[in-house]
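Participant: Chains A and B, in that order, are what the protein sequence lines are. Residue 1 is where the first sequence starts when you use this note's numbering, and the numbers rise one by one after that. Residue 1 is where the second sequence starts when you use this note's numbering, and the numbers rise one by one after that.
Just so you know, these hints were derived from the structure itself, not from any lab. Quick caveat, the model's predicted, so the values are computed rather than measured. Treat the hints with care, since some could be wrong.
[Unchecked claim] Going by beta-carbon spacing under 8 angstroms, a handful of chain B positions derived as facing chain A:
#, residue
1, L215
2, G221
3, A228
4, E231
5, N232
6, M233
7, G234
8, V235
9, N236
10, K274
[Claimed, not checked] Listed below are the simulated BS3-like cross-link pairs for lysine-lysine, each with C-alpha atoms no more than 25 angstroms apart in a straight line:
#, chain 1, residue 1, chain 2, residue 2
11, B, K146, A, K50
12, B, K146, A, K18
13, A, K178, A, K190
14, A, K50, A, K89
15, B, K3, A, K120
16, A, K187, A, K120
17, B, K146, A, K89
18, A, K314, A, K355
19, A, K19, B, K146
Each residue gets a CB set at the ideal place from its N, CA and C atoms; glycine is no exception.
Here are the chains, one letter per residue:
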Amino acid sequence: MNQKTVLQAESLSVGYSKKMIVDGLTVSVSAGEICTLIGPNGAGKSTVLKTIAAQLPLISGNVALCGDRLDTLREKDISKRLSVLLTQKITAERMTCGDVAETGRYPYTGTFGILTDEDKRIVHEAMSLTGAAHLYDTDFRQISDGQRQCVMLARAIAQQPKIMLLDEPTSYLDIGHKLHILSLLRKLAKEQQIAVIQSLHELDLAQKFSDTVICIHNGRAERTGTPEEIFTGDYISALYEIRDGAYDPRFGAAEPSAASGEPEIFVIGGGGAGIPVYRRLHRMRIPFAAGILHENDVEYPVASALASVVITEKAFEPIGEDAVRQAAAVMKQCREVICCTESFRAMNQGNRTLKEQADALGILCS
Amino acid sequence: MEKRRLTRTVLCFAGLLLTACLLFCISLMSGSSQIAPDAVWDILTGHRTDAAASRIITDIRLPRTLAAMILGGGLSVSGFLLQSFFRNPIAGPFVLGISSGAKLTVALLMIAALQHGFVMHSGMIIAAAFVGAVLCMLTVLLFSGKVKNMAQLVISGVMIGYICNALTDLAVTFADDANIVNLHNWSKGSFSGTDWQDIRAMTVLVFTALTGAFLLSKSIGAYQLGEAYAENMGVNIRLFRLLLILLSSALSACVTAFAGPVSFVGIAVPHLMKGMFGTAKPLILIPAVFFGGGVFCMGCDLIARTLFAPQELSVSTVTAVFGAPVVIWIMLHRARERNAA
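Just need the whole structure built from these sequences, with the hints factored in.
Facilitator: Structure (structure tokens):
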């Protein structure tokens, strides 16, 4: 085992009582590293996390925290090595945010749980780090979801763990808070050499903020690897069994599926100008064709997701006669042509030809 | 802010102590025969031994007042523990049927004692009450595993209470009617008829349980964030839950054994104290709830025996009048908070 390995789980089987949910899972997280579990709802991400946190008994396999087997550690020892941030909302009656964050010091205090000045300093530091210091005296029930998550994160930091375990830390948060929380984790992992294991539903963010991604699907870790290895091709669409669209891992964009049927409208696009038109036509459920687009055009991914037909030309090639002929054939079947571009330069002369043909046919929409 | 909190805590405790002293004095003075403050003082310090007045004070009023104080405190702490355990603001020994369960077993014991002609001592009554309380608690727990909803839990508790009360009534109806008056009085809840032997027994029991609860205050604080977080903080959940059940059952059993079922104290006082002290920290709240419950019950008992003197009300009548509005207030308050969120 590597010196820096904080969490080592081998051939882990997790589940509730007799019911196995995920089988044969192997995870290794080192200090300073962020490991993210992704996978569809109900795949067992939370079950895996709960088992690692020793809140569910292991069905089989081994979990080691900083080199010691989980089942040989006492509750108190675990609590000094591992802190959690869970999805369940806490009902903190008459507790200030400070009170909530201070519970992170619980494993370190004596019989009556009285905090020393040092404990208080650690709590304050953690709250400043997450940007929640100004909430110290505010009632926990009176703050927003985003602020609440910052306080809970401060609580988890104040526990001074070797590993932090977070179950969907960004769910219910606005995009600003999502980025705030994940950037903080990144910073914490690097600066304080904490290992982070979390589950996320925001794939685009998982891709950008993780060192390792584990895909939980069909009761096992279907794939494990770097984000670059996981977010390729059609794998994500397969992982989430997407039927009503597709996920583009290059841009982290989810696109719905195209309206079905023969194209009614032909959109001449390029350079991004066509995207709003594609979106509007898609909303109106009007099947349309798009062209002629270079395969490296910014709007190509959107067009290929939303249009029923896309006429393309190879990247960096001028639009050739073949493509124009093909496009003209499709265009003639349409009742209308929308031209979104005004500039026809060397590479897209073909589109000028197309526009002129549409005009001649009298179907060009002005 | 930290300083303000400390000041508030100190002021609240001082206020409670003052009220407790005041109520204690008034309780000793007033009743069917009024005794002047200086006379009370002389009797307590042993300077005067006016036979009649002295007996009223030392054998009747003093034990009764102390009982109201100790049992009221115990009952409130029991309520606080149950509210923490079920994470339900209107949980309490009376609502969850635990008091009624204790009442049933004690009534059965009393009837058995009357029929077989043996003399009960307080230990037997306490043991019977404890058995009843634990049985009811276990039944409620069984339901709490099935129902996740707070309202359903309370309803199942109330229903268990009704069943126990019905069984008690049934037992009383078919029992010998000699001495049944005694049982009847007890089953409505009253602090009267406490003697010094009872005081000794209840002091030992209540203060032992109170110390236990106080030692658990750190874990209770962690448990306020939910079971999963408490577990992550290193709380041994199984042991903690077991201790909490035993302590709250012991406290409410003890109260029921001596004073019969007393309603609403267990629910109302913890909330009043949370509001007053402005905190949920068990380390502060457990003593606060104990004092608050003592003051509350002393006050209610004073009203119960002086309002229509010489006719005495059952203490539950008075505690319900003051306690039930608190429950309504809690529900309205929570509804408002939910809407605000």
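Participant: Tell me the hint numbers this structure goes against, listed in increasing order.
Facilitator: none
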